[in-house]
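Produce the entire structure from the sequences given, and follow the hints as far as they go.
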Amino acid sequence: MGFLDNSGDIILDAVLTDTGRRRLAKGDGSFNIKFFALGDDEINYSLYNPNHTSGSAFYDLDILQTPVLEAFTNNNASLRSRLVSLTNMNQLYWPEMILRGDLGSTAPYTTGAFVLAADQTTWENLDGGTTTGMIPGYKPAKSLNHIRVEQGLNTNEVAKDSTLDIELVETQYAVRCDNRLLRIAPGPDMTQTTTRSGASTTFPNAKASFSDSNNIDTYFFTLNSAGGTNGYVSNLGADSGLLGPGGTKLMFRLASTLDIQTSTYLFDTLGKSTTFAFEAGTAAAQTISTVITIEGLTTRSRLDIDVTLLKKS
Amino acid sequence: MATSSKLLTPKDQVSTRTLLHEAVPVTGQIISGTYGVDATPINDAPNIKNYAHGMFQSVYDYPYLSSSANHILDLTMGYSANSVLSKSTATTTQQSKKINIYNEMAQVLVGFNESGSIREFDEDGDLTQGDKIQEAYFFNFTRLLTKDEIKKGSFTLELGTNAMFDTPFVAGSNFSGSIKLTDYSGSNGYKVNSPAGEYGILYATSSQAAGNQNPLLTSKIDENGNVPAGLIYYQAGIAVVTASVFSTLLASPPSASFAGEASGSLTGSLSGSSISGNCSFLRHRIESVSFNNTTELNSTVYFCRANHNEFNYSSNQTYTSGSKFVVKTNANDLPVAYPTTVGLYSADNELMAVAKLSEPLKKDPTTEFTLRVRLDY
Numbered sequence: 109m110g111f112l113d114n115s116g117d118i119i120l121d122a123v124l125t126d127t128g129r130r131r132l133a134k135g136d137g138s139f140n141i142k143f144f145a146l147g148d149d150e151i152n153y154s155l156y157n158p159n160h161t162s163g164s165a166f167y168d169l170d171i172l173q174t175p176v177l178e179a180f181t182n183n184n185a186s187l188r189s190r191l192v193s194l195t196n197m198n199q200l201y202w203p204e205m206i207l208r209g210d211l212g213s214t215a216p217y218t219t220g221a222f223v224l225a226a227d228q229t230t231w232e233n234l235d236g237g238t239t240t241g242m243i244p245g246y247k248p249a250k251s252l253n254h255i256r257v258e259q260g261l262n263t264n265e266v267a268k269d270s271t272l273d274i275e276l277v278e279t280q281y282a283v284r285c286d287n288r289l290l291r292i293a294p295g296p297d298m299t300q301t302t303t304r305s306g307a308s309t310t311f312p313n314a315k316a317s318f319s320d321s322n323n324i325d326t327y328f329f330t331l332n333s334a335g336g337t338n339g340y341v342s343n344l345g346a347d348s349g350l351l352g353p354g355g356t357k358l359m360f361r362l363a364s365t366l367d368i369q370t371s372t373y374l375f376d377t378l379g380k381s382t383t384f385a386f387e388a389g390t391a392a393a394q395t396i397s398t399v400i401t402i403e404g405l406t407t408r409s410r411l412d413i414d415v416t417l418l419k420k421s
Numbered sequence: 081m082a083t084s085s086k087l088l089t090p091k092d093q094v095s096t097r098t099l100l101h102e103a104v105p106v107t108g109q110i111i112s113g114t115y116g117v118d119a120t121p122i123n124d125a126p127n128i129k130n131y132a133h134g135m136f137q138s139v140y141d142y143p144y145l146s147s148s149a150n151h152i153l154d155l156t157m158g159y160s161a162n163s164v165l166s167k168s169t170a171t172t173t174q175q176s177k178k179i180n181i182y183n184e185m186a187q188v189l190v191g192f193n194e195s196g197s198i199r200e201f202d203e204d205g206d207l208t209q210g211d212k213i214q215e216a217y218f219f220n221f222t223r224l225l226t227k228d229e230i231k232k233g234s235f236t237l238e239l240g241t242n243a244m245f246d247t248p249f250v251a252g253s254n255f256s257g258s259i260k261l262t263d264y265s266g267s268n269g270y271k272v273n274s275p276a277g278e279y280g281i282l283y284a285t286s287s288q289a290a291g292n293q294n295p296l297l298t299s300k301i302d303e304n305g306n307v308p309a310g311l312i313y314y315q316a317g318i319a320v321v322t323a324s325v326f327s328t329l330l331a332s333p334p335s336a337s338f339a340g341e342a343s344g345s346l347t348g349s350l351s352g353s354s355i356s357g358n359c360s361f362l363r364h365r366i367e368s369v370s371f372n373n374t375t376e377l378n379s380t381v382y383f384c385r386a387n388h389n390e391f392n393y394s395s396n397q398t399y400t401s402g403s404k405f406v407v408k409t410n411a412n413d414l415p416v417a418y419p420t421t422v423g424l425y426s427a428d429n430e431l432m433a434v435a436k437l438s439e440p441l442k443k444d445p446t447t448e449f450t451l452r453v454r455l456d457y
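Heads up: the sequence lines are chains F and B, in that order. The letter at position 31 of the first sequence is residue 139 when you use this note's numbering, and the numbering goes up by one with no holes. The letter at position 313 of the second sequence is residue 393 when you use this note's numbering, and the numbering goes up by one with no holes.
None of these hints come from the bench; they were simulated from the model. A portion of the hints provided could be inaccurate.
Stated by the list, open to error - Pairs of lysine-lysine residues, derived as BS3-like cross-links and limited to a Cα-Cα distance of at most 27 Å, are as follows:
hint: 1; chain 1: F; residue 1: Lys-420; chain 2: F; residue 2: Lys-250
hint: 2; chain 1: B; residue 1: Lys-91; chain 2: F; residue 2: Lys-142
hint: 3; chain 1: B; residue 1: Lys-129; chain 2: B; residue 2: Lys-167
hint: 4; chain 1: F; residue 1: Lys-315; chain 2: F; residue 2: Lys-142
hint: 5; chain 1: B; residue 1: Lys-227; chain 2: B; residue 2: Lys-271
hint: 6; chain 1: B; residue 1: Lys-442; chain 2: B; residue 2: Lys-91
hint: 7; chain 1: B; residue 1: Lys-271; chain 2: B; residue 2: Lys-260
hint: 8; chain 1: B; residue 1: Lys-442; chain 2: F; residue 2: Lys-142
hint: 9; chain 1: F; residue 1: Lys-315; chain 2: F; residue 2: Lys-134
hint: 10; chain 1: B; residue 1: Lys-442; chain 2: B; residue 2: Lys-86
hint: 11; chain 1: B; residue 1: Lys-129; chain 2: B; residue 2: Lys-227
hint: 12; chain 1: F; residue 1: Lys-134; chain 2: B; residue 2: Lys-129
hint: 13; chain 1: F; residue 1: Lys-142; chain 2: B; residue 2: Lys-86
hint: 14; chain 1: F; residue 1: Lys-380; chain 2: F; residue 2: Lys-420
hint: 15; chain 1: B; residue 1: Lys-404; chain 2: F; residue 2: Lys-268
hint: 16; chain 1: B; residue 1: Lys-86; chain 2: F; residue 2: Lys-134
hint: 17; chain 1: B; residue 1: Lys-260; chain 2: B; residue 2: Lys-227
To be verified - Sample of chain F residues facing chain B (criterion: CB under 10 Å; computed from the structure):
hint: 18; residue: Ala-179
hint: 19; residue: Gln-199
hint: 20; residue: Leu-252
hint: 21; residue: Glu-275
Quantities reported herein were computed from a predicted structural model and do not represent experimental measurements. Idealized CB from N, CA, C, for every residue including glycine.
Spelled out as structure tokens, the structure:
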């Protein structure tokens, strides 16, 4: 993807995304533009220098010289960071999302990624040893391990027991993952439907709201929307791991798809052969590295979580 | 409430239609066979594709077996069942196919008369009277070149008319060696009585001196000194050129005094040679073709208005450090953001289109702007 010519007038280079083209081709009226948003994916705000000796006109000199890439047609690759309108112009702090990794059941594996055991054999070769950061993909409820994301101010400049501005509280999250590899399963506050014995049957895996042409499923989770104790999303309490006031938390597990459980095709295609430290010792395995993206739909904050799918050879 | 998108109302969008023109010059060398020896048989050039059915010949800009080749045009020829040639007792080749080609082109481009018979091509576009073009070459330009239509008044075709096959463009014989056909009246003198859309008359410019071998018929010369010699169908992208362009224009049958393909006369070639053979003969004499094509762009323009109090913050991960804005030191500092992208979303929040600015804009509460995003269909 080239850079746009920025030597003359400001121009706009517009393209339909793959989703836009697909909807246009459908001809069912689903291609109907209703909103616009502004994005600043290329901007690195750390280049903003409010201490520039030449004055305020030079604070953003480096930012304004940022070359801009041509438009991507992949709808997940564009507008990853959006501009936000706030009524409060005096806002100084902005919430962020953190991966809560200091609890035993929410810590990632030593590599920083969560390891998803693709099938029962793989899990049974892990179970009994140290399983921190490992999730049994064939039956997520078999372990308490899960992913926990907390949202709020992660600064001690604001008192932790103060209340987060309602404008900054996330009430809905979008979770995106590769539908060839993963499903989103309920967190520890919920149990999972399964045909296997040993787990109660309250909640099934989450249902994706839509899939795009790049095999990315999008799930939406809303505060208290899933019933049960507190669903996937709940208010953060005193157990927050943030330095400042918290908003909400999102908890879920991961499940492996049937293809991942029963076949090595995707491992052969997308993954690599390696060795892994199983309970009984190091043995051959195959892995696939993927990313789950979590986006807060209020503040548009994002967090990418690394996941490694593991299958014992 | 923090928001990151803004509703586009009907007042924020408008639909427009614009025409985009491109110049399409095609040099005769490509058509006559740049990539092969232009000798007997000249249709052996690797950028010329012949078919077993022999109904037409395709011209590519590169050897057609290459994936880089672009299809430029198809050439074919034919004559009417009413032509003297079709009634000739001389040796004929592919007689029925030539008549079928003529009829196919005529029924598509000229249509049928009140009795249901296929009309013949008319020299001046007045279907009710006047002379007909009964022997014709057909230049079928591909959509790759013509796009939505050929721009009226832009078509030019130059043909070599020297009697000698080896020196078709050398002056000194028919029409001073070459003849130029243009639709110079096309922009304001086109016809609308074709079922295939609008068409114009192709005129041969009168450049030869008196006494040349094949003068234009004086009775046909218009006030500008030109003689009608064919038709150009703009939307169909087809040029119909009378075969008599190589002889006394619009005489039917074409004059027999013209030396055709290597040997033999024009009439002999038209009736006695195959369609492919005639096309090869014609290709050898094409000096250049040029026209402007037209692409019709239907556009919707979205006016994305960012008011002073909107889009002043960013969710960019570099926008904060320790949950604090990096562009603000104090709470009363003005927020600022630098948009580079405009996203257009559907009602269900799916990204339908993306527009990129060529450089970042500065957006703070002291500025407003309207970004005009145009989507072409």
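Taking the hints in turn, this is what the structure says about them:
Under the criterion of a C-alpha separation no larger than 27 Å, the hint pairing F:Lys-420 with F:Lys-250 is consistent with the structure, at around 18 Å. At roughly 12 Å between alpha-carbon atoms, B:Lys-91 and F:Lys-142 fall within 27 Å of each other, so this suggested pair holds. Pair hint B:Lys-129 plus B:Lys-167 does not hold up; C-alpha atoms about 30 Å apart against a cutoff of 27 Å. Under the criterion of a C-alpha separation no larger than 27 Å, the hint pairing F:Lys-315 with F:Lys-142 is consistent with the structure, at around 25 Å.
Restraint check for B:Lys-227 and B:Lys-271: satisfied, since their Cα atoms lie roughly 20 Å apart, inside the 27 Å limit. With a CA separation close to 25 Å, the supplied pair B:Lys-442 and B:Lys-91 stays within the 27 Å bound. Proximity of B:Lys-271 to B:Lys-260 is assessed by CA-CA distance (about 21 Å); at most 27 Å being required, the pair is judged to hold. With a C-alpha separation of about 25 Å, the suggested pair B:Lys-442 and F:Lys-142 falls inside the 27 Å cut-off, and the hint holds.
This hinted pair checks out: F:Lys-315 and F:Lys-134 have alpha carbons roughly 24 Å apart, not beyond 27 Å. Restraint check: the Cα-Cα separation between B:Lys-442 and B:Lys-86 comes to about 18 Å, which is no more than 27 Å; the hinted pair holds. Simply put, B:Lys-129 and B:Lys-227 have alpha-carbon atoms about 22 Å apart, close enough for the 27 Å limit, and the pair holds. Restraint check: the Cα-Cα separation between F:Lys-134 and B:Lys-129 comes to about 37 Å, which exceeds 27 Å; the hinted pair is violated.
Our distance criterion of 27 Å between C-alpha atoms is met by F:Lys-142 and B:Lys-86, whose separation comes to about 8 Å. Annotation: proposed proximity of F:Lys-380 to F:Lys-420 holds, straight-line Cα distance about 12 Å (limit 27 Å). In summary, the hint linking B:Lys-404 to F:Lys-268 is supported, as the alpha carbons are separated by about 15 Å, within the 27 Å threshold. For the suggested pair B:Lys-86 and F:Lys-134, the alpha carbons sit about 26 Å apart, so the restraint of at most 27 Å is met.
The hinted pair formed by B:Lys-260 and B:Lys-227 meets the criterion: a straight-line CA distance of about 24 Å does not exceed 27 Å. Interface hint at F:Ala-179: satisfied, since its Cβ lies 4 Å from the closest Cβ of chain B, which is below the 10 Å cut-off. Look at F:Gln-199: its Cβ gets to within about 7 Å of chain B, closer than 10 Å, so that hint holds up. Checking F:Leu-252 against chain B: minimum C-beta separation of about 29 Å lies over 10 Å; hint violated.
Checking F:Glu-275 against chain B: minimum C-beta separation of about 5 Å stays under 10 Å; hint holds.
Hints 3, 12, 20 from the list above are not met by this structure, while the remaining hints are.
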